[in-house]
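Residue strings, one per chain:
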Amino acid sequence: MNGRVLIAIALLALAAVIAFAARPHELTADERIDQITAELRCPVCQGLSVKDSSSDTARQMRDLVAQRVHEGKTNAEIQAEFRAAYGDWILLSPPVTSWSGLIWLVPVAVLGAGLIFATGRLRASAAPNADEPSPSQIAALRERVAREEAAEG
Amino acid sequence: MTLSRVARVAVVVALLALTVTLALAFRRDPHDIKTGTIGKPAPAFTLQRLDGSGEVKLADLAGKVVVVNFFASWCLPCTQENPALVRVYERYRVSDVVMLGVNLQESRENGLAYVQRMGMGWATLADDDGRVVLSYGVFGPPETFFIGRDGIIEGRHIGPIDEETLVNGIEKLRGQASSR
Amino acid sequence: MSAGDLGAAALRAALFLSLWGTGAAIYAAWRRDVRALASARIAAGVGFGLVVIAALAMMFALATHDFSIVYVAENNARETPLFYSIIGLWAALEGSILLWTAILAGATAFIAFRGTRSIPRLATTALAVMFAMLTFFLLLVTTPAADPFARLAIAPDNGNGPNALLQNHPLMALHPPLLYLGYVLTSVPFAYAIASLILGEGGDRWLVATRRFALISWGLLGVGIVAGAWWSYAVLGWGGYWAWDPVENAAIMPWLTSTAYLHSVMVEEKRSLLRTWNLALVIATFALTILGTFLTRSGVVNSVHAFSLSAIGPLLLGYLVAILVLSVGLLLWRSARLRDAGPIGAPLSREAIFLFQNVLFMAATLTVLLGTLYPLVAEAISGAQLSIGGPYFDRVEIPLALALLFLMGVGPQLPWHGASRATLERQFTAPIVAAAAGAIAALVTGTTALAAVLTYALGAFVVATVIQEFARGVRARRTLHGEGALAAFANLLRRNGRRYGGYVVHVGIVLVALAVATSQARTVDMENTLAPGESLEVSGYTVRLDAVRPVSEPQRDSVVADLIVTGNGASTRLHPALVQYPNSVQAVGSPGIGAGLRDDVYTILAAYDQRTFSWATIRTRVIPGVSWLWLGGAVVGIGAVIAALPAPRRRAVRITVAEVAASAK
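Quick note, the sequences are listed as chains A, B and C, same order. FYI, this note's numbering numbers position 49 of the first sequence as 49, with every residue one higher than the one before it. FYI, this note's numbering numbers position 146 of the second sequence as 146, with every residue one higher than the one before it. FYI, this note's numbering numbers position 44 of the third sequence as 44, with every residue one higher than the one before it.
In short, the hints are calculated from the structure, not lab data. Cβ coordinates follow ideal geometry from the N, Cα and C atoms, glycine included. Keep in mind that the hints are not guaranteed to be accurate.
Simulated restraints on C-beta separations [claimed, not checked]:
#, chain 1, residue 1, chain 2, residue 2, range
1, C, P81, A, T28, 41 to 51 Å
2, C, E269, A, P24, 40 to 50 Å
3, C, S552, B, V11, 53 to 63 Å
4, C, P81, B, R8, 33 to 43 Å
5, C, A471, A, V145, 17 to 27 Å
6, C, S584, B, G54, 34 to 44 Å
7, B, E164, C, G23, 49 to 59 Å
Taking the hints into account, I'd like the entire structure generated from these sequences.
Structural data, given as structure tokens:
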């Protein structure tokens, strides 16, 4: 089979699998409980989430979240209930809506600045790269290295 | 590659900011955690007494100064602060100050045995499913909340409390009410 | 004279020698004075011996329960078993700093005796820098702030005992020393870099001299991090291995910058580019190890590992600031001499990939750094308390890690200077097919989370590139030297360890990534309350509660649940427990783990009937693939060793593609 056809088929298969994995789907109640408790900080632990902790407090928080999910509350409503009692401290990931959400800009800014810098360095050398060796030159190089390696045993 | 002027300035500023942040961090006590409930209406609750003699409803105590103390028998600092609680309870026994103990994360039997052993005369309540603990933003026992006559949480103390802090917290709320 | 007196005296003598050595090394470098260098060498050697004596004296004091020493009284008890007594050296602040000092003294002695032979002036200047740093740490351990041998007026009858979490698992013997070795050895490339800047060398002699040190410290850091993850998995009892705890963040940051450095350094070697950048990376790596130590040892952040608030904080901060001012100042001052030889190549060249890879590593590092510091900043500015935890770091770092996996496959397949279409097709056909197969494999095994599918695809992509490289290398050796396949394979690793050892590391990283993706995506979690004789079913396993029983040992009391796990071809007994140490308020959970290559059964005793032991609440997690994380860490370590081993002696053959291209014209 032609190499390019093979690559195209593989890329299509890859895209299909990724699209399948990324498809939006309704979460079950248990998945939602996991999702919400993973974002809540266990008050008696060292930086663990309510989902991961086995402490009594975390268990009671999981029960409360489960009850609220079954009552039909939204994720935001459930989060708001905990924030009212514990403040933003209870959220392991700062909310984008408050000013503390500025932290989300850090990776974006660093990546942006870095990519601008890097591409700038590349563009500076956009002149055609005439030095690229041809396959025959590479073959010559391989042979030379091999000769020299063989020479030393 | 030489550093551009912008990059030089950025590096210096970033390092300065880092140093200042770290120096400021010394003022911080990582164990002092504030919660969102101070200055807000105390979350309502109705809890059963540990000894099974009925229930207590916070709403029924409107117009009184309420001290809510969260405790557990497995909590060592709770036993440390208990004598102060007992003395303050005796002092305000005949007044408009109500003291409530909320027992958490243990069986009622254990909680009741502890209450009797420690001579806690005030109403001690069972928070079996932890809902009251969570609505007050309690981290762990002991914690003490001061609720004014208007039902607003005016003060909170984390960790073992002493007599002076208790009396000050109560008197502040009583004084507030009389000036109204 | 007691062990404590001996240790304290040894440290003070070592401080004197270190001060002397600093002066002697500076004079030797300045005046090229051979006798001064000899004097500095002796100071380094004897100083190292003295610090080792001090460390051994502390171990002896711990093993013999000499409670007249504050450190022993606070971190040891008569009931502490000998093993945990000895490793008590790194169970708390003062002992850890002592261990740190001992390693630093060892590195200083190594440079004094081995380094100064080859490039005397540069190495002697570096030696002065090492001595200066050693002097700081010796000052620390001889001031009251962190004096490990400080005395109590009246020795108590018994000590406090070690922190409960630190006497619960033998892995404690392994992961802190590995990490400290990794941390401290970053100071060697740093010292050479600073020496090079002080001397105003424009070239990369410092880099060649410390290449192996950089690689070794990187390998130790990496293996130490994985060992730490394993410890937290086996001890902390929540079924995870990484929580973005400040101490974990402190360890991962220098590892990230160090990884970036190991790659960008190749651009400097091949193309004489990125000189300032490489110096900056070495400085950043070292500064991050000090910053991490400061963050976690000064008590300003909450952490599993943070020791209590101590006077050492301001001293470490002062040290950090001095290092930053000195090194950044030198870098800015000398940057004109570090002009690059030319621009970087085409976008599809190996050097360009290294550049993008470095950008990603910087983003990853700064995200961890600012995420760790942000709660401090927010509280200082507004008084607001907030948390930055796992969910934030996962959201940012996982996409970056996936991008890095991708580049890890692409980079080695691209030639320097640029690639043609034909090259691209030749190099990437098999890896792309493998990526598709990997994604499909993820679906077939039920791993459907998007991040996990991408990890499988990219993991297969990278492994395919590595296999392709090895296959080509083996084939070339077979035709050229007539070697057998196995001999050719071994010779590739032996003769070109840096390259092929690097590929082995890449495979190890892929294993780690696959283990993380699989365990995150498919862990099953259950909590049941059982009476003895009852059982639960989870993921094809049957877990039966046999008994709940109290166990008493001299140093601790435990309640143990005896579980019998059957199913999926396994049959094993697990004993999760709640352990009560006399010095800790709450019981510490000790999980029962049935490890397997397919999945681990991780059991936690969450609660039990305290009077009659008639029931127990068991949390069971079936965690697939997590063993591959430790195996991947081991593979990374093996790859690092292969890359660091010296190749058999050979005549220098230094030619580049560009040279041949030029000569062929």
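Taking the hints in turn, this is what the structure says about them:
{"no.": "1", "hint": "P81(C) <-> T28(A): 41 to 51 Å", "result": "holds, 48 Å"}
{"no.": "2", "hint": "E269(C) <-> P24(A): 40 to 50 Å", "result": "holds, 48 Å"}
{"no.": "3", "hint": "S552(C) <-> V11(B): 53 to 63 Å", "result": "holds, 59 Å"}
{"no.": "4", "hint": "P81(C) <-> R8(B): 33 to 43 Å", "result": "violated, 56 Å"}
{"no.": "5", "hint": "A471(C) <-> V145(A): 17 to 27 Å", "result": "holds, 18 Å"}
{"no.": "6", "hint": "S584(C) <-> G54(B): 34 to 44 Å", "result": "holds, 38 Å"}
{"no.": "7", "hint": "E164(B) <-> G23(C): 49 to 59 Å", "result": "holds, 57 Å"}
Hint violations for this structure: number 4 only, all remaining hints satisfied.
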